[in-house]
Amino acid sequence: MHKNLLCAATSSAALISNALGSASYKTLLQGMSALSLQQTRGLRDDLKARGIEWREPKKYKKYHPEISGDLEAFKAADISGPTHKMTYAHAEFEQSSPEVQRLLSLEFAHNNELIKMSKLDILRETQRHQYDSGSLAAKITNLTVSIRYHQTEKGYEKLLRYSERRVHLEHLVDRRKKYLVRLRRIDYKRFEWLLEKLNLLYKPRVLKGGPIYRYDSLRKLVSMRCEKLRKAKLAAYKAKLDAQKESFEAEKKSTLEWIKETEEKLGIPVTVDPETGMIEAPLPPRVTIAKRIFGPYLVNKE
Amino acid sequence: MPQKRKLNYSLALEAPLIIRNSILLLGRCLALTDDDPKVRITRLIFNDFLKMHFRHYADIVVHDEKKLARTGDVVLLRKLRQPLSLEKRHEIIKVVYPLGDITDPLTGKKCVLAKYRSDVQLIDDFYGRAPDAPEGFDYDKAPDRGWQQGKKDWSHKEGYKRWHEFEPSHPLHKDPAAS
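Read top to bottom, the protein sequences are chains Y and R. At position 68 of the first sequence (counting the first as 1) the number is 68 in the numbering used here, and the numbers step up by one without a gap. At position 96 of the second sequence (counting the first as 1) the number is 398 in the numbering used here, and the numbers step up by one without a gap.
For the record, the hints were derived by calculation from the structure and aren't laboratory data. Every residue, glycine too, gets a C-beta built ideally from N, C-alpha and C. Careful, some of the hints might be misleading.
Stated by the list, open to error - Just a sample of chain Y residues kept apart from chain R, beta carbon distances all over 10 Å, derived: (1) Glu56; (2) Lys58; (3) His84; (4) Glu113; (5) Ser118; (6) Lys119; (7) Gln127; (8) Asp132; (9) Leu195; (10) Gly209; (11) Asp216; (12) Glu251.
As the list claims (entries may be wrong) - Capping the alpha-carbon separation at 27 Å, the derived lysine-lysine pairs in DSS-like fashion look like this: (13) Lys417/R with Lys197/Y; (14) Lys396/R with Lys62/Y; (15) Lys369/R with Lys390/R; (16) Lys368/R with Lys417/R; (17) Lys48/Y with Lys454/R; (18) Lys381/R with Lys340/R; (19) Lys443/R with Lys238/Y; (20) Lys177/Y with Lys61/Y; (21) Lys62/Y with Lys443/R; (22) Lys340/R with Lys220/Y; (23) Lys369/R with Lys231/Y; (24) Lys116/Y with Lys177/Y; (25) Lys417/R with Lys139/Y; (26) Lys197/Y with Lys178/Y; (27) Lys139/Y with Lys453/R; (28) Lys177/Y with Lys154/Y; (29) Lys231/Y with Lys48/Y; (30) Lys231/Y with Lys412/R; (31) Lys368/R with Lys463/R; (32) Lys233/Y with Lys58/Y; (33) Lys291/Y with Lys381/R; (34) Lys178/Y with Lys463/R; (35) Lys443/R with Lys369/R; (36) Lys62/Y with Lys454/R; (37) Lys396/R with Lys231/Y; (38) Lys291/Y with Lys396/R; (39) Lys390/R with Lys228/Y; (40) Lys178/Y with Lys61/Y.
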C-alpha cells in the first residue's frame with residue numbers, strides 16, 4: 001500500500017492531494033527528499049568532512065628504483081681507460097701513442113664494453129677470488145650493474161623503444177631477487193655485507209596480493225584512526241588510575257591490617273599479609289618429561 | 303583402534319590437530335608484527351581418501367620473554383603451565399637453527415650449505431685476490447646478524463602492496479616494507 005502511494009506521488013500529485021488531503025501529501029514529499037539524499041551521500045564524502053581522504057598511490061614498474069631497491073645510480077668506468085680486450089695486452093697499450101690509446105679506449109667502444117668494465121670494477125670488491133664470477137655474490141653484482149645501467153637516461157631511452165628490453169629487464173630484477181633470497185637463507189653474514197657494499201634495499205615478499213580498491217583502503221584508514229583514538233583514551237585512563245595508586249594502596253594496607261587483627265582476635269588461622277597481600281598456596285613442582293614417562297621405573301635419583 | 307576424524311580444511315580448525323597436546327614443539331618464526339611473534343608449525347597429516355600424507359601448518363602466537371625470535375629461525379617451544387591468554391599458550395625456550403648461520407653438531411664448525419666455512423675460505427685464499435683489489439669479506443670480522451635490520455634489510459617486516467599515499471610526516475610514508 002505504502003509503495004503504491006510512493007509511485008503515485010511521482011506521477012500524479014493532484015489525485016493524491018484530493019484523496020488524502022494536503023497535510024499527508026506534504027509529509028510524503030519530505031520522506032521522499034530524505035530518501036534521495038541518503039542515496040547520493042556516499043562514504044567518501046562523509047569521511048572527507050572528518051579529514052579522512054584516500055589518495056591513490058603512484059604505480060611504478062618493476063624495474064623502477066623505488067621497487068627494485070637500488071639506492072645508488074650507475075657508476076660508469078673511466079672512459080679514458082682501455083677496453084676489456086686490451087687489458088690482456090696492457091704493456092703494449094701503454095707504449096703506444098696517445099692517439100692510438102684514445103682510439104682503443106672506451107670512448108669509441110660499444111656501450112657493452114663500458115658496462116663490462118664497470119662490472120669488473122665493482123666485482124673486485126665483492127668476488128671471492130680473482131677468477132670468481134659464478135658465486136651468488138658475484139652474480140648479484142653483475143646483475144645490479146646491468147639493471148642500474150637501464151635506469152640511466154641513456155639506458156631508459158632504449159627501454160622505451162624496445163619492449164623486449166623491458167621484459168628482459170624485469171627478468172633480471174626477478175633473478176637478482178631470487179639470488180638474494182637464496183643467499184640470505186644460506187649465508188646471512190655475507191648477505192648483509194653485500195647489501196651494504198652494493199647499496200641495495202631488500203624488501204620482503206608480498207604474500208597478500210590482489211587489486212587495491214578505494215573502499216577497502218578507506219576502511220583501513222578509518223580503523224587506523226579508531227586505533228589512534230583508542231590508544232590515546234587508554235593512555236589517559238591509565239594516567240588517571242596511576243594518580244589514584246597511592247591513596248588506594250594506603251587504604252588497602254589499612255584494611256588488610258584490620259583483617260589480620262580480627263583473625264588473630266577470633267583465633268582463626270591468618271590468611272593475609274599486610275605488605276604482600278593474600279597468602280596463596282604455592283604451585284606444585286613441575287614434573288619433568290623424563291619423570292612423566294619413566295616415573296615408575298626411576299629409582300630415587302634426583 | 304585410532305579414532306577416525308573428519309578433516310575440515312580450514313586453518314582455524316586444523317590448528318588443534320597439528321599442535322595436539324604436545325609439550326615441546328619445533329617451528330619457524332614468521333615476520334614480526336608490533337605484538338608478540340608468530341611461529342609456524344608444520345605436521346604431516348594422513349589423508350584417508352587419497353592414502354597419502356600432506357603437509358599442514360598452523361600459525362600460533364607465542365610468548366617471548368628474552369626476545370629471541372628473529373624471522374626464519376627454527377625455535378623450540380614449550381607449553382606454558384598457565385596460558386597467558388586465549389591464544390598464547392606456548393613460550394620460546396631457545397633457537398635451534400639460526401637462519402643462514404648453521405653449525406655442524408659433530409665438529410662444531412660453521413657451515414655454508416654442505417661445506418665448512420673454513421674450507422671455502424681456504425679455496426679462496428688458494429686462488430688469491432686480484433692485484434690492488436680492496437679487502438673482501440671476512441667471516442671473523444663480520445658482525446652478527448641484525449646490523450642492517452631496519453636500514454637495508456627489511457625482511458623482519460611483513461611485505462604488502464602500497465595502498466595509500468601517506469603524508470611526509472606519517473611513519474608509513476615511503477615505507478620500505480611496501481612495494
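Status of the hints after comparison with the structure:
1. Glu56: violated (7 Å)
2. Lys58: violated (7 Å)
3. His84: Since the minimum Cβ distance to chain R is about 14 Å, His84/Y lies beyond 10 Å and the statement holds.
4. Glu113: Fine: 19 Å to the nearest Cβ keeps Glu113/Y off the interface.
5. Ser118: Since the minimum Cβ distance to chain R is about 15 Å, Ser118/Y lies beyond 10 Å and the statement holds.
6. Lys119: holds (13 Å)
7. Gln127: Non-interface label fails for Gln127/Y: nearest chain R Cβ at 8 Å, not farther than 10 Å.
8. Asp132: Violated: least Cβ distance 7 Å, not greater than 10 Å.
9. Leu195: violated (4 Å)
10. Gly209: The claim is violated: Gly209/Y sits with its nearest Cβ about 7 Å from chain R, within 10 Å.
11. Asp216: At about 8 Å from chain R, Asp216/Y fails to clear the 10 Å cut-off, so the statement is violated.
12. Glu251: holds (29 Å)
13. Lys417/R with Lys197/Y: holds (25 Å)
14. Lys396/R with Lys62/Y: violated (39 Å)
15. Lys369/R with Lys390/R: Status holds; Cα separation ~15 Å.
16. Lys368/R with Lys417/R: Measuring from Cα to Cα gives roughly 32 Å; hence the hint is violated.
17. Lys48/Y with Lys454/R: Given that 27 Å is the threshold and the Cα spacing comes to 36 Å, the pair is violated.
18. Lys381/R with Lys340/R: Measuring from Cα to Cα gives roughly 15 Å; hence the hint holds.
19. Lys443/R with Lys238/Y: violated (47 Å)
20. Lys177/Y with Lys61/Y: holds (15 Å)
21. Lys62/Y with Lys443/R: The hint is violated at about 35 Å.
22. Lys340/R with Lys220/Y: Between Lys340/R and Lys220/Y the Cα gap is close to 22 Å, so the pair holds against 27 Å.
23. Lys369/R with Lys231/Y: Measuring from Cα to Cα gives roughly 24 Å; hence the hint holds.
24. Lys116/Y with Lys177/Y: Distance ~21 Å between Lys116/Y and Lys177/Y Cα, so the pair holds.
25. Lys417/R with Lys139/Y: holds (20 Å)
26. Lys197/Y with Lys178/Y: The given pair, whose Cα atoms are some 18 Å apart, holds under the 27 Å limit.
27. Lys139/Y with Lys453/R: holds (23 Å)
28. Lys177/Y with Lys154/Y: holds (24 Å)
29. Lys231/Y with Lys48/Y: Cα-Cα ~23 Å, so holds.
30. Lys231/Y with Lys412/R: violated (46 Å)
31. Lys368/R with Lys463/R: violated (32 Å)
32. Lys233/Y with Lys58/Y: violated (35 Å)
33. Lys291/Y with Lys381/R: With Cα atoms ~17 Å apart, Lys291/Y and Lys381/R stay inside 27 Å; holds.
34. Lys178/Y with Lys463/R: holds (19 Å)
35. Lys443/R with Lys369/R: holds (25 Å)
36. Lys62/Y with Lys454/R: holds (18 Å)
37. Lys396/R with Lys231/Y: Distance ~33 Å between Lys396/R and Lys231/Y Cα, so the pair is violated.
38. Lys291/Y with Lys396/R: Since the Cα atoms of Lys291/Y and Lys396/R sit roughly 22 Å apart, the hinted pair holds (cutoff 27 Å).
39. Lys390/R with Lys228/Y: Measuring from Cα to Cα gives roughly 25 Å; hence the hint holds.
40. Lys178/Y with Lys61/Y: holds (18 Å)
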